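> Turn these sequences into a full structure, and let the hints steer you where they fit.
Residue numbers (our numbering): 1 to 110.
Just so you know, the hints here were simulated from the structure itself, not pulled from any lab data.
Incorrect hints may have been included.
Computed Cβ-Cβ distance ranges for the label pairs, DEER-style [stated by the list, open to error]: (1) D15 x Y65: 21 to 29 Å; (2) A58 x V18: 18 to 26 Å; (3) G13 x R38: 31 to 39 Å; (4) R2 x H74: 22 to 30 Å; (5) I61 x D84: 24 to 32 Å; (6) G79 x Q26: 29 to 37 Å; (7) P53 x N108: 24 to 32 Å; (8) C64 x A33: 16 to 24 Å; (9) V70 x P109: 19 to 27 Å; (10) G110 x P53: 28 to 36 Å.
The structure displayed is predicted, hence computed values, not measured ones.
Yeah, the Cβ is synthetic: ideal placement off N, Cα and C, and Gly gets one too.
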Amino acid sequence: MRQALIAGAARAGIDVIVGGTYGATQGPRLESAAEIDRMERDGCDMVGLTGMPEVALAREIDLCYAACAVCANHAAGRGEGTIDMAQIESVLKDSMVQVRSLLEHTINPG
1 MRQALIAGAA RAGIDVIVGG TYGATQGPRL ESAAEIDRME RDGCDMVGLT
51 GMPEVALARE IDLCYAACAV CANHAAGRGE GTIDMAQIES VLKDSMVQVR
101 SLLEHTINPG
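Set out below in C-alpha cells:
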C-alpha cells in the first residue's frame, strides 16, 4: 500500500516526504511548544492527533495500512501568533485537492 501511494504521488506530480516518524498526541487541541519540543527530541518528524489508534488496530488484525498525512499547521505553539481554525481549514481545503489527486492516481494508475 505504501509503495502504491508513493507511485501514485509520482504520477500525480505531488511532492511527498517518504519516511519519517509520527508522534501522536491527545486532542482535540493544538499541541504546546513544550510538547512539540519533546516530540522533536524523541525523534518525531510529524506530530498529530489523528494517526492513532487506527494504525495500531490495523496492525493487530494484519490489515494493510499506509499513512497519507497532511500537515494542517506547522508546529502549533512554536509559530508566531496563534493558529485558529480558519487557518487550519484553509490549509485542509487546499490540501484535500492534492489528496484527491493522489488517491485517484493511486487507484487508477492508468
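> Please go over all the hints and tell whether each is borne out by the structure.
How the hints compare with the structure:
no. : hint                   : in the structure
1   : D15 x Y65: 21 to 29 Å  : holds (23 Å)
2   : A58 x V18: 18 to 26 Å  : holds (20 Å)
3   : G13 x R38: 31 to 39 Å  : holds (36 Å)
4   : R2 x H74: 22 to 30 Å   : holds (24 Å)
5   : I61 x D84: 24 to 32 Å  : violated (38 Å)
6   : G79 x Q26: 29 to 37 Å  : violated (21 Å)
7   : P53 x N108: 24 to 32 Å : holds (30 Å)
8   : C64 x A33: 16 to 24 Å  : violated (36 Å)
9   : V70 x P109: 19 to 27 Å : holds (22 Å)
10  : G110 x P53: 28 to 36 Å : holds (35 Å)
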